[in-house]
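In the order they appear, the protein sequences are chains Y and R.
Quick note, the first sequence lines up with residues 8 to 376 if you use the working numbering.
Quick note, the second sequence lines up with residues 12 to 340 if you use the working numbering.
Don't read these hints as lab results, they were simulated from the structure.
Heads up, some of the hints might be wrong.
[Said to hold, decoys possible] Beta-carbon label-pair distances, calculated as ranges:
#1 Y:Val186 / R:His23: 50 to 60 Å
#2 R:Asp135 / Y:Arg374: 24 to 34 Å
#3 Y:Leu178 / R:Asp147: 58 to 68 Å
#4 R:Ile289 / Y:Gly177: 34 to 44 Å
#5 Y:Ala173 / R:Ile289: 30 to 40 Å
#6 R:Thr28 / Y:Ala173: 21 to 31 Å
[What the hints assert, rightly or not] From the derived model, a few chain R residues whose C-beta atoms are all more than 12 Å from chain Y:
#7 Gln99
#8 Ala202
#9 Arg273
Note that beta-carbon positions come from the ideal geometry of N, C-alpha and C, so glycine has one too.
Chain by chain, the residues run as shown.
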Amino acid sequence: MGLLRSLGFRAINLVLILIVVLFIISYALSGPASSVLENQVKIEARAVAQAVLKHNPNAASQAQQVYNTIVAQLEKAYGLDQPPIIRTFYIMWDMLSFNWGYSFFPQNYGVSNGKVVNIIASALPGTIILDTLGILLSAIIGIYVGTRSALRYGSLSDRGVMYYAAVSNGLPQWWIGIVFIIVFAVMLREVHSPIYFPFGGILDPKYFGTWLVNPAAVFANVSAVLNLLWHLILPLLTVLIVNIGGWAYFARTVVLNVAQEDFVTVARAKGLSENQVVNKYIIRPAAPAILTSILITIPFVLFGGFLVTEVVFQWWGLGYVYNIAITAAGTPDTPVVVALTYASTLLYIVIVFILEILYIMLDPRVREQ
Amino acid sequence: MGMALLEVDNIHLYYSTSKGIVKAVDGVSFELEEGETLALVGESGCGKSTIAKALIRLWERNVSSVTGEIRFEGRDVLHISDEEFRMQYRWKKIAWVPQASMNSLNPVLTIGEQMIEPLVIHHDVDKDKALMQAMDMLEAVGLPRDIVRRYPHQLSGGMKQRVAIAMALILMPKLVILDEPTSALDVITQANIMNLLKRLRREFKLTYIFITHDLALASELADSVAVMYAGKLVEWGSSDDIYVSPKHPYTVGLMGSVPTLRGEKKLTFMPGEVPSLINPPTGCRFYPRCPYFASRGELKGLCDRDEPPYIDVEHKGARRHLVSCWLYK
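If we strip away everything but chain Y, and leave its shape as in the complex, we get:
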């Protein structure tokens, strides 16, 4: 009961955060969006008025009247006659119902009709494959390595892991990515190696068209899946090499701290076997702390390293689309940028909520009494 109640509280909490974030984006957006829309409305009205003038060059006042009526009607239709706060709520509603509008520069994305929802939907699987898999794998491997390392404190392998962690923490993810492309894509081709890797991209062009509209169809095709894996190896390795060290370092510290607690000595004194001591008295109590760090790091990992890595490998994910939206056209593609910010917040909140459930299950101290 306590578990459900506290989960309920967390869920309400996260929804509130989402609404606040959404309100801020929407409010900020209500300014530029309405000026864009107003310009659009005026262009349309002017076109009609000019058509009227062409028809009858002497009807200047009539044309002005037509212009005014059209502007008024369209502004009413678009809600531009409403105060900004009301418009903000319109925008919030559109965001919540995934009615995200159209890209200003649809030709940059190659997704037909330029609908923002479609652009993001085409990039989401790529992000899930690389980022989610990358985070999970690096966390699992890193925590495992760090725990082993802590239990063999001071040994040669422990010191090796710590050197590796220190070095990998200092390496920028994008740089490793570039080095990997140079070594495993460029150099391997130069020496005519039978095995080499792609320069970038998520799939070969023959599959990429399908991927953009229907990723599920790609997964039904074995050779396409193999092609995807071939493209995945270098970016995933980059992500793993850079991130495992940090996890290992953190897990090691937490485990070392727990291992010197009195209750661990009590557990040994009680006659528990070393395996039981490690699993029930060291790893179990350490788990909530490790999870907390995952919770804290995920936004940095997600919005920091991974976005840039996607660009380096031209990996069709949210980060790559973000980059196109901001830089490709000279002016930012506002609808796409806003929708991406909202979508990644949404993604983050879903991840946090899943981790919260885990956290509450693992640590009785955070459950509601």
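For chain Y, the structure is supplied; the task is to place chain R on it using the hints.
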């Protein structure tokens, strides 16, 4: 008195650190009869907790050497295999109650889960039966039975300490090592725990090693007292002798620094500080702080050169009264 339950014979325990070898316990011997309570007294860092760790064979990982013998019921338990010690002695015969700190219990397991583990491991009792036994034991230490389903953070410090004691008694061990069991508790709770320990000793015929820095508290429980200083035992005897006529200047100093609520007692303190255990003073380790050494010229060249032997002084209590000091030669 019957046969000794525990004999600690010339035990040495050294740690290796980056600064050198720390001689935490350096040749300590004492023994304990069944049903007797020994108070092991000394300042922090004198090696008393290290002796407790040696008795349950759970020393820190940087220990460089452990020598000597610990005989339990006549059998050396320091040199048997880890697995044999774990299965035959841990908790079954020797239980340990750590300091009343916030972390003697695992925060993510219920009290019940933690209490029944020894029963399941050593006696192969099924879970429900074990839980019943745990509840009985909780009742014996004055706690409600439904605590088995609670988590440690839901209990107060005093309750946690009672749980730790109940957990120590669950297999009815012969020897219970109490490592400063009340030092983190307020005085009322402390008094309650001391009364509980007395009652349990009577009820279950327990043998205690009570480790404390508090001589006054030790007098509540102890049949005999062993005073440690800088890794060595400086005085050992029945509590009647130690409290009535302490012999070693260090014990006298300890007694003098115990405050009393009434009376015009002037608190004395000992000048200087506990010596380094890496390079302990030669001869008697207490001589740099000893008031007699400072005031009596004839002791120069003796106390600071030769280690004092154990001298059997006159005693009224059941135990011999041994003191390691040149004053009584």
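Going through the hints against the structure:
1. Y:Val186 / R:His23: 50 to 60 Å: 56 Å, holds
2. R:Asp135 / Y:Arg374: 24 to 34 Å: 33 Å, holds
3. Y:Leu178 / R:Asp147: 58 to 68 Å: 59 Å, holds
4. R:Ile289 / Y:Gly177: 34 to 44 Å: 37 Å, holds
5. Y:Ala173 / R:Ile289: 30 to 40 Å: Since the Cβ atoms of Ala173 of chain Y and Ile289 of chain R sit about 31 Å apart, the hinted range of 30 to 40 Å holds.
6. R:Thr28 / Y:Ala173: 21 to 31 Å: Because 24 Å falls inside the window, the suggested range holds.
7. Gln99: Answer for Gln99 of chain R: violated, closest chain Y Cβ roughly 9 Å.
8. Ala202: Since the minimum Cβ distance to chain Y is about 23 Å, Ala202 of chain R lies beyond 12 Å and the statement holds.
9. Arg273: Holds, since 37 Å exceeds 12 Å.
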